[in-house]
Amino acid sequence: MNKVPNNRAWWLVLPVFILVAFSALIPLMTVVNYSVQDIFGPGQGYWVGTEWFKEILGNERLQDSLLRQFAFSGAVLAIQIPLGISVALMMPKSGIKASLCLILLAIPLLIPWNVVGTIWQIFGRGDIGLFGWGLNSLGVDYNYTGDTVDAWLTVLLMDVWHWTPLVALLCYSGLRAIPEAFYQAAEIDRASRWAVFRYIQLPRLKSVLVIAVLLRFMDSFMIYTEPFVLTGGGPGSSTTFLSQTLTTMAIGQFDIGRAAAFSLIYFLVVLLVSWLFFTAITHLDKEK
Amino acid sequence: MNYSRSKGIGMTLFIILLLTPIYWLLNMSFKTNREILGGLTFWPQDFTLQNYAVIFTDSSWYSGYINSMIYVSMNMTITLLVALPAAYAFSRYKFVGDKHLFFWLLSNRMAPPAVFLLPFFQLYSSIGLFDTHIAVALAHCLFNVPLAVWILEGFMSGVPREYDEMAYIDGYSFPKFFVKIFLPMIRSGIGVAAFFAFMFSWVELLLARTLTSVDAQPIGAIMTRTIGASGIDWGVLAAAGVLTIIPGVLVVWFVRNHIAKGFALGRV
Numbered sequence: 113m114n115k116v117p118n119n120r121a122w123w124l125v126l127p128v129f130i131l132v133a134f135s136a137l138i139p140l141m142t143v144v145n146y147s148v149q150d151i152f153g154p155g156q157g158y159w160v161g162t163e164w165f166k167e168i169l170g171n172e173r174l175q176d177s178l179l180r181q182f183a184f185s186g187a188v189l190a191i192q193i194p195l196g197i198s199v200a201l202m203m204p205k206s207g208i209k210a211s212l213c214l215i216l217l218a219i220p221l222l223i224p225w226n227v228v229g230t231i232w233q234i235f236g237r238g239d240i241g242l243f244g245w246g247l248n249s250l251g252v253d254y255n256y257t258g259d260t261v262d263a264w265l266t267v268l269l270m271d272v273w274h275w276t277p278l279v280a281l282l283c284y285s286g287l288r289a290i291p292e293a294f295y296q297a298a299e300i301d302r303a304s305r306w307a308v309f310r311y312i313q314l315p316r317l318k319s320v321l322v323i324a325v326l327l328r329f330m331d332s333f334m335i336y337t338e339p340f341v342l343t344g345g346g347p348g349s350s351t352t353f354l355s356q357t358l359t360t361m362a363i364g365q366f367d368i369g370r371a372a373a374f375s376l377i378y379f380l381v382v383l384l385v386s387w388l389f390f391t392a393i394t395h396l397d398k399e400k
Numbered sequence: 002m003n004y005s006r007s008k009g010i011g012m013t014l015f016i017i018l019l020l021t022p023i024y025w026l027l028n029m030s031f032k033t034n035r036e037i038l039g040g041l042t043f044w045p046q047d048f049t050l051q052n053y054a055v056i057f058t059d060s061s062w063y064s065g066y067i068n069s070m071i072y073v074s075m076n077m078t079i080t081l082l083v084a085l086p087a088a089y090a091f092s093r094y095k096f097v098g099d100k101h102l103f104f105w106l107l108s109n110r111m112a113p114p115a116v117f118l119l120p121f122f123q124l125y126s127s128i129g130l131f132d133t134h135i136a137v138a139l140a141h142c143l144f145n146v147p148l149a150v151w152i153l154e155g156f157m158s159g160v161p162r163e164y165d166e167m168a169y170i171d172g173y174s175f176p177k178f179f180v181k182i183f184l185p186m187i188r189s190g191i192g193v194a195a196f197f198a199f200m201f202s203w204v205e206l207l208l209a210r211t212l213t214s215v216d217a218q219p220i221g222a223i224m225t226r227t228i229g230a231s232g233i234d235w236g237v238l239a240a241a242g243v244l245t246i247i248p249g250v251l252v253v254w255f256v257r258n259h260i261a262k263g264f265a266l267g268r269v
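Taken in order, these protein sequences are the chains called Z and B.
Yeah, the first sequence ends on 400 if you go by the working numbering, and it's all consecutive.
Yeah, the second sequence ends on 269 if you go by the working numbering, and it's all consecutive.
Quick caveat, the hints were computed from the structure, so don't treat them as lab data.
Where is the CB? At the ideal position from N, CA and C, for every residue including glycine.
Where hints are given, some of them may not hold.
List time: in silico DSS-like cross-link candidates among lysine-lysine, alpha-carbon distance up to 27 angstroms [what the hints assert, rightly or not]:
1. B:K181 / Z:K209
2. Z:K205 / B:K8
3. B:K8 / Z:K115
4. B:K181 / Z:K318
5. B:K8 / B:K95
6. Z:K205 / Z:K318
7. B:K8 / Z:K318
8. B:K95 / B:K177
9. Z:K115 / Z:K209
10. Z:K166 / B:K181
11. Z:K205 / B:K181
Non-contacting residues of chain Z with respect to chain B, defined by C-beta distances greater than 10 angstroms in every case (computed) [stated by the list, open to error]:
12. P127
13. Q149
14. T162
15. A183
16. G186
17. A187
18. F235
19. D239
20. Y254
21. W273
22. Q313
23. F333
24. T391
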């Protein structure tokens, strides 16, 4: 649509600008301010410059949780994107069945995040949970509260359960946008099913897949509530991801300067990796 | 086996796997604690509504739902009121800094809530809004307003400019045109934006829990109270969980065809 240049449109945007500035800019400035000071109490702080940043970057506990976070987000993307695409390919194309599938798929996305944690907390227990009990009676030694690997896999499985439907829904809407004529042409050419996927469906899915990868990366990188409820970050600190480390530091220990420096680094990592994904994918697009 | 049948079987299998954990929660919410801890049963042997009765008769329980509902509806109202004019501006006009503003809005979606936790806490405490519904509603605007602007912009761009121009020629003032003619035309978009504002405010707990203590405490925070001296009250916990799922499931039917668009920030 051709848009009319008109700077008075700013008046219409102003409420949004003020509101988001109030709830994003002021807090962010506060964080920047804290990150360069040592705070003793209200109004009592002194300038420490980049000391917190140096300390945070060298802090082993944080490096560990950053590594864990990248491993987790990587695993999430590696499982959910292919699985989401295959579910989208399996979905019925139209009619009441398609509507039903859409709604059933959406259910995990609509559950409050702490309840997602609760559901899996119950489901995975060896004594009262179907999943834990089932595994144990099959002879698998499974205990997510005691064993590091089991805890990790349970958190991962929970996230797959929770968010794969999102990838599937995005891909499904991308697939629906492909004109029927494309498939007919492929049929005339006697294209194999794989060729149809590789040369018709996958290229058309690119834009939704960019969104899916970005969303899943960002959200898995910010994960807090679900593992907090499920494992509390344990056993040990094996499932303590970045948000939880930060929250413990800021609210639990009230270590404001360090937490603020940590926050900024955290935010920058998210922005940087999102930007890398975005440019890498759009760059690939141009090369073709 | 033919192709579409194997697809159907795969889909059914996935849906079943998806619903099993929810079935287990539902199953448990109708059991007594003795049955839950006594052994594994696939449906309630001793069917009881006692767990739900606990929630509906104890005000410290059901007030959690009321609190959540209050701040969610406040957030929906604020979000729509500010996002509608902004989305109109983005869809109709070019203005200084429009692209930058649009991307700045998106960057707020990338900010981990944990980063904003402490500043939010101090900001709302210092202006005396701590433990009020409006504090949580405002905090949730951080991610809901950008989302609503993006969704609404998509729907508004689908309405041709000619309508706007016709209305001016017919002598409508801008506010009258906007409310009487334009809004009814994009009502499905408004519904979708409202649904997503509702949903993201409803599922978020980290900010909601940090900004409240007693009077505005959300249901998610109250659920942690089931851990008592005698261990966890599993039945009530399960019933409370089931009740938090219901609102989302009730309204999802209306937006089923727009869900992907909403999650993708209006980009699909």
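For each hint, the structure was consulted:
With a C-alpha separation of about 37 angstroms, the suggested pairing of B:K181 with Z:K209 is violated against the 27 angstroms cut-off. A C-alpha spacing of about 11 angstroms is found between Z:K205 and B:K8, which places the hinted pair at or below 27 angstroms, so the restraint holds. For a cut-off of 27 angstroms, the pair hint linking B:K8 to Z:K115 is broken: about 45 angstroms separates their Cα positions. For the given pair, B:K181 sits about 39 angstroms from Z:K318 by alpha-carbon distance, which is inconsistent with the 27 angstroms threshold.
With a C-alpha separation of about 47 angstroms, the suggested pairing of B:K8 with B:K95 is violated against the 27 angstroms cut-off. Our distance criterion of 27 angstroms between C-alpha atoms is met by Z:K205 and Z:K318, whose separation comes to about 20 angstroms. Between B:K8 and Z:K318 the CA atoms are separated by roughly 23 angstroms; this keeps the pair inside 27 angstroms, and the hint holds. Taken as a hint, the B:K95 and B:K177 pair is honoured in the structure, with Cα atoms around 23 angstroms apart against an allowance of 27 angstroms.
For a cut-off of 27 angstroms, the pair hint linking Z:K115 to Z:K209 is broken: about 40 angstroms separates their Cα positions. With a C-alpha separation of about 58 angstroms, the suggested pair Z:K166 and B:K181 falls outside the 27 angstroms cut-off, and the hint is violated. With a C-alpha separation of about 37 angstroms, the suggested pair Z:K205 and B:K181 falls outside the 27 angstroms cut-off, and the hint is violated. For Z:P127, the non-interface assignment is contradicted: its Cβ lies about 4 angstroms from the closest Cβ of chain B, within the 10 angstroms cut-off.
A cut-off of 10 angstroms between C-beta atoms confirms that Z:Q149 is not in contact with chain B; the least separation is 14 angstroms. For Z:T162, the condition that its CB be more than 10 angstroms from all CB atoms of chain B holds, with the nearest at approximately 19 angstroms. At roughly 18 angstroms, the least C-beta separation between Z:A183 and chain B is larger than 10 angstroms, which holds for a residue marked as non-interface. Listed as a non-interface residue, Z:G186 keeps its Cβ farther than 10 angstroms from every Cβ of chain B; the least gap is roughly 18 angstroms.
Every beta carbon of chain B lies more than 10 angstroms from that of Z:A187, the smallest distance being close to 18 angstroms; the non-interface claim holds. Its beta-carbon lying about 5 angstroms from the closest one in chain B, Z:F235 breaks the requirement of being farther than 10 angstroms from that chain. Listed as a non-interface residue, Z:D239 fails to keep its Cβ farther than 10 angstroms from every Cβ of chain B; the least gap is roughly 7 angstroms. Chain B leaves Z:Y254 outside its interface by the beta-carbon criterion, the shortest separation being 15 angstroms against a cut-off of 10 angstroms.
Under the 10 angstroms C-beta cut-off, the non-interface status given to Z:W273 relative to chain B is violated; the minimum distance is some 7 angstroms. Even its closest Cβ contact with chain B, about 14 angstroms, leaves Z:Q313 beyond 10 angstroms, as expected for a residue assigned away from the interface. For Z:F333, the requirement that its beta carbon stay farther than 10 angstroms from each beta carbon of chain B is not met, with the minimum near 7 angstroms. The beta carbon of Z:T391 sits about 14 angstroms from the closest Cβ of chain B, which is more than 10 angstroms, so the claim that it is off the interface holds.
The structure fails to meet hints 1, 3, 4, 5, 9, 10, 11, 12, 18, 19, 21 and 23 from the earlier list, while all remaining hints are met.
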